[in-house]
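> Numbering of the sequence shown is given in the working numbering, commencing with residue 448 and proceeding in unit increments.
Just so you know, the hints here were simulated from the structure itself, not pulled from any lab data. Mixed in with the good hints there might be a few duds.
As the list claims (entries may be wrong) - Straight line, CA to CA, 27 Å or less: simulated DSS-like cross-link-like pairs of lysine-lysine:
id	residue 1	residue 2
1	K543	K532
2	K527	K512
3	K514	K532
4	K514	K527
5	K500	K514
6	K491	K512
7	K500	K512
8	K532	K580
9	K505	K491
10	K470	K481
11	K543	K529
12	K529	K514
13	K481	K491
14	K527	K505
Unchecked claim - Cβ-Cβ distance ranges computed for the label pairs, FRET-style:
id	residue 1	residue 2	range
15	E544	Q524	25 to 35 Å
16	M504	L472	30 to 40 Å
17	L536	L581	51 to 61 Å
18	Y501	L521	41 to 51 Å
Only a predicted model underlies this, so the values are computations on that prediction, with no experimental measurement involved. Just so it is clear, CB atoms sit at the ideal spot from N, CA and C, and this is done for glycine as well.
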Amino acid sequence: MQLKFSPGSVQHKPVLTELTAQKSLIENLVQDNKMLHEDIGDFKAVLEILITKYNEMKRDLEVEKLKNTRIDLLEQQLAKEKTRKQNLLQTHLRLKERYMGLLDVMREAAFDIKDEDKEDISLFEQLNRENHKLKEMLGLLKISDPKVQEIEKALRGEDVTDQVNIEEYKETLRSYRKKKNEQKRSKSFGIVGRKNYLLMSPQEKTESSNIWDSFFNKQEKETVKCFGKR
Numbered sequence: 448m449q450l451k452f453s454p455g456s457v458q459h460k461p462v463l464t465e466l467t468a469q470k471s472l473i474e475n476l477v478q479d480n481k482m483l484h485e486d487i488g489d490f491k492a493v494l495e496i497l498i499t500k501y502n503e504m505k506r507d508l509e510v511e512k513l514k515n516t517r518i519d520l521l522e523q524q525l526a527k528e529k530t531r532k533q534n535l536l537q538t539h540l541r542l543k544e545r546y547m548g549l550l551d552v553m554r555e556a557a558f559d560i561k562d563e564d565k566e567d568i569s570l571f572e573q574l575n576r577e578n579h580k581l582k583e584m585l586g587l588l589k590i591s592d593p594k595v596q597e598i599e600k601a602l603r604g605e606d607v608t609d610q611v612n613i614e615e616y617k618e619t620l621r622s623y624r625k626k627k628n629e630q631k632r633s634k635s636f637g638i639v640g641r642k643n644y645l646l647m648s649p650q651e652k653t654e655s656s657n658i659w660d661s662f663f664n665k666q667e668k669e670t671v672k673c674f675g676k677r
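Could you build the full structure based on these sequences and the hints that come with them?
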């Protein structure tokens, strides 16, 4: 059998081949696009992970930077405190040295008392004892001595139970005054009198010579006056 080919069939065959090739190319392109989309998704996911890691690292770096800054500040503060401590220690040592020096001076002053200071201390003690005795004489005798009690009653204008001997009382006052004058002329009383004189005011110096005479004369006059009225 002899085959016959028509011109139309020969012309359509290349078109079909070209269409098949284009269809295959389109399918390949679609597949490639699908794979590219998958790759883009993977790349996007990886990029997001990288961005997250980057942000975390950035925060960590900022935290470390803040920590380092804080450490620097703490180190500076520590250095300042050390300097302040050294200054305080030096000040403390200087004050301690001055304090110990003052203690030494006070000890020396306490144990190194001059003769004049000792004499003043002795004078003060002697005057204190004399003052105490005078207070006893002026206070306790008024309570214990019956004669003095009777005289005090007479001075107040009260009734006296027993007769008071004015002359005997005056003689007692004279004896006491004489005794005080003798003590004033003695050596020990002279020292006290001289020191006491230096401590007196001008008015006291004027009155010191006759203070005892004035006292006893006043007592005698008041007693005589009181009993003269009676």
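> Now look at each hint and say whether the structure bears it out.
Structure-based check of all given hints:
1. For the given pair, K543 sits about 16 Å from K532 by alpha-carbon distance, which is consistent with the 27 Å threshold.
2. At roughly 22 Å between alpha-carbon atoms, K527 and K512 fall within 27 Å of each other, so this suggested pair holds.
3. As the CA atoms of K514 and K532 are separated by approximately 26 Å, the hinted pair is consistent with the 27 Å bound.
4. As the CA atoms of K514 and K527 are separated by approximately 20 Å, the hinted pair is consistent with the 27 Å bound.
5. Restraint check: the Cα-Cα separation between K500 and K514 comes to about 21 Å, which is no more than 27 Å; the hinted pair holds.
6. For the hint linking K491 to K512, the alpha-carbon distance of about 31 Å lies beyond 27 Å, and the restraint is violated.
7. Our distance criterion of 27 Å between C-alpha atoms is met by K500 and K512, whose separation comes to about 18 Å.
8. About 61 Å separates the Cα atoms of K532 and K580, which puts this hinted pair outside 27 Å; it is violated.
9. As the CA atoms of K505 and K491 are separated by approximately 20 Å, the hinted pair is consistent with the 27 Å bound.
10. This hinted pair checks out: K470 and K481 have alpha carbons roughly 16 Å apart, not beyond 27 Å.
11. Of the supplied pair hints, the one linking K543 and K529 holds, its CA atoms being roughly 21 Å apart against a limit of 27 Å.
12. Restraint check for K529 and K514: the C-alpha separation of about 22 Å stays at or below 27 Å, so the hint holds.
13. In summary, the hint linking K481 to K491 is supported, as the alpha carbons are separated by about 15 Å, within the 27 Å threshold.
14. Our distance criterion of 27 Å between C-alpha atoms is broken by K527 and K505, whose separation comes to about 33 Å.
15. Distance hint check: the CB atoms of E544 and Q524 are about 30 Å apart, consistent with the given range 25 to 35 Å.
16. Evaluation of the 30 to 40 Å hint for M504 and L472 yields a failure: the beta carbon distance comes to about 46 Å.
17. For L536 and L581, the hinted distance range of 51 to 61 Å is satisfied, since their beta carbons lie about 59 Å from each other.
18. At about 30 Å, the beta-carbon gap between Y501 and L521 misses the expected band of 41 to 51 Å.
The structure shown violates the earlier hints numbered 6, 8, 14, 16 and 18.
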